[in-house]
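Asker: Based on the sequences and whatever the hints tell you, model everything.
These are the residues of each chain, in order.
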Amino acid sequence: MNPLLDQFLSESREFSQGIAAKLLQLEDAPSDQGVINELFRLVHTLKGNSGLFTFPEMTRVLHAGEDLLGLVRNGQIAYSRELADRLLEAIDLVMAMCAEIEATEQIGGSWSQEAVRMAESLRALMPAVEAEAKTSIRTPLPAPPVELPPLAGIPEAARLEALRQCHEGETVHWVSYAPAPDCFFQGDDPLYLARQTPSLLWGSARSAEPLPALAELDTYRCLLEFHLLTTASREELDEHFRYVPDQVRITQLAPSWLADPEAALTESEAPKAPAAERASQTARPDQPVEEQLAALDTILTAQFEILQLEDHPDWFAGRLRAVAAVLRNVTRVAGDPNTAGELEAVLGECLAAGQGSLLRLWLEASKEQLISGHAAQLPGASAPVTPSSQRQAEGKAYPEPDVAKAPADEGIKFGRRAEDSPGAPRSLKVDQAKIDRLMNLIGELVVSKNALPYLAQRAETQFGVRELSREIKGEYSTINRIADEMQDAIMQVRMMAVSFVFQRFPRLVRDISRKLGKEVQLVLDGEQTEADKNIVESLADPLIHIVRNSLDHGLETPQVRRACGKPETGTLTIRASQEADRVIIEIVDDGKGIDPAIIKRKAYEKGLIDEAALERIDDRDAVNLIFAAGLSTAEVISDLSGRGVGMDVVRSAVEKINGTVVVESQLGKGTTIRISLPLSMAVTQVMIIESDGQLFGVPMDNVVETVRVPRRSLHHIKQSLTAVLRGRTVPLKALNTLLGISANPKLNSYDELAVLLVQAGGEVVGLLVDGFKETVGLIQKPFGGILSGLSAFSGSALMGDGSVLMILNIREIV
Amino acid sequence: MPIEFKRNQAVLHDVVGVEEAEGLLEWLQSKPAAKVDLARLRHLHTANLQVLMASRPAVSAWPEDRELRAWLEPALKPMP
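Same order as they appear, the protein sequences are chains A and B.
So the first sequence is numbered by the numbering used here: it starts at 1 and just counts up by one.
So the second sequence is numbered by the numbering used here: it starts at 1001 and just counts up by one.
Simulated from the structure, these hints should not be mistaken for lab results.
Just so you know, not all the hints are guaranteed correct.
Stated by the list, open to error - For each label pair, taking beta carbons as the anchor points, the in silico distance ranges come out as:
#1 D511/A <-> K1035/B: 55 to 63 Å
#2 E105/A <-> R1069/B: 38 to 46 Å
#3 S1030/B <-> E105/A: 51 to 59 Å
Glycine is no exception: its CB is placed at the ideal position from the N, C-alpha and C atoms.
Answerer: Set out below in structure tokens:
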């Protein structure tokens, strides 16, 4: 899922809960202006957010809610329990939409009708004047009864085609689309929308009322309405008209309705006499009696069979009504008012019970009666009654259109609550403190787990029980595995994609490059790379500094670039990737690069390097001097960068999270700044060393290599001790001396010294120690209280045997 | 221009947008006996349709686009 949508969903959920909470708060204090304001703000924000996506249904509901709350806020209407109920229902609807979005990443068109009704129910609470002012309201609640489509207007060919489709199992919908009068101003073209209706069979444009004379015609007021006949499904139609759901009315047509245009004609302006004539064709009085009775028998048997069919729940109601409509007509022909009453009662029961068996039983019982009753009425038996005259007598001579899923029948089902909908949110928000606590606990578990090998050793050496020792080791390996996995899992919880930081750059780069009059294309790469939350968060500031610097000093203006033969648009690439247990962030620009000569000169002028260094330093190292404090190369100090703080801040921020930053630059080609960060700060890899019988930890990030140097290959240059290692001279320092311990470094049996080569601020220094131990992953704890002043150590960690290991801060002591 | 106004005939072609409606209305008002030629019309905005429906000019040629013609013919046929 796209991250923006993801965020929208999680925010929406939060807002919805906030809205619900505020509404409940208002129940206790209905006049609290602060709460009302807050409520308004929440709904307003949520509406605005929903507008970012194509969720018109959601926006519609929220817009109505916002309007309503706006009135409450201005004191135009008072808060009431009913109002709160409606708003809560609206929020539940929004939540249900969110659930659907979460599952499918879109809102189905089926929501639109519900959204319209909800919006109208909210607007219904507004004072009348206010309601009329809103042009979008056309029909107040309740939903209008289903109108009979004026079938007379449909040309014969289209009607027959629709009927054919209907018999082939297609659903035929009648759409009545009455565009809002001001719709042209909203950019709508109703004719276009109508023409684009999926699976259109027939359509017509007509004016709702006679059009005014040309002189009075307002070109920009839509007076037309459209009637369409389509075989598209309800969902397709809802989708197609999703932006104007309040302007369309969609009715499903049953075949019987399409098949009986005569009946429709009797309703409309068609002359009565031909209608009667045509109607009588279906049951001609001059038909032989037997034939009529046989036909009646066939009809009833068919209905009986229909009722026996296996039924689909969705179709059931429609089918039942279809059967009922036929039976109703039959009873009418048979002319038995009692039977008709009975039929209605049975039909009602069937619909309520949701099964057709009752109607079937009734049909079985009354079949004979119906036939005999009809026989009695046939000519010769009594006064001839033509069906058509009877029709007119009863007024309702046509089969009712069987509206399979008439929304009006179901009423408004707003009773649903968000909690009812399945699918709880997949993510949960957890306070960071709780995760940190977990982290601490797992740290303790790791430490106490590490005590087991010592215990095993003691069992063997001190008490001489090897069996027990082996068992303890076995248990240890199990616990070790679980603890490792657990640690990993907790780590995963804290992981976050760097896109969190990256996402602000497009805007930042755009704004800054505009300001500087430069053309810059930003390329983001590897946004999915993950790292610990703290790392990612602390990355934000350094990255902004670097990007600003690149834009300000690195990339040139289009004119300069053109002169250099480069494309006018510069490219700034921010790339994240993972390398083993580190995250690498590269910021690459194709600008003018850094001139090492200028940097050297500046650094010398500012006293950052001495004359000797000025001569000795190579270009690569010179470029990295930009990270030294107090160096700025820009000729002018702009409001963006150039005060000589930027890159220095970058370095210290990166180092604070155990990262490193280096810069590579080619004059005229561009600059690459590479930041390397640990994936997680939780576990530090530490090498344990021994000196004067004590154990110390050295972070692996600082360790270059461990060597043993024969005593005779040490050299004294002035006061300092040096050795030539791999062709370069390395200064050596005794750890004991650095820590103020008076003992000398110990030599091993081959007369060699243990040298730990460490990197400290770009320099490699050899530390003389007594011995090397293993490398362990530790959870380092910073010093607290009075110990926090100890700069020689960066922290401490608890070892498996319960002892405390001090971690050296190499940069400080060397 | 999607509408070509000739001496006594307006020729609509391609897609006639909403902004043309005002001009069409004025022209038709000034020439009550004018004809319209829709042969090469592919779509016209509802506002134009409304103007045509209100003025009911004689149609000298119906659109070649059969689907559009099916929409326009019933709407623009002379009143009985």
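Asker: Could you run down the list of hints and mark each one as holding or not?
Answerer: The hints, checked one at a time:
Take D511/A and K1035/B: their Cβ atoms lie about 58 Å apart, and the range 55 to 63 Å holds. With their beta carbons about 40 Å apart, E105/A and R1069/B fall inside the hinted range of 38 to 46 Å. One distance hint, 51 to 59 Å for the beta-carbon pair S1030/B and E105/A, holds here, with the actual separation near 54 Å.
Going down the numbered hints, you'll see the structure goes against none, and every one checks out.
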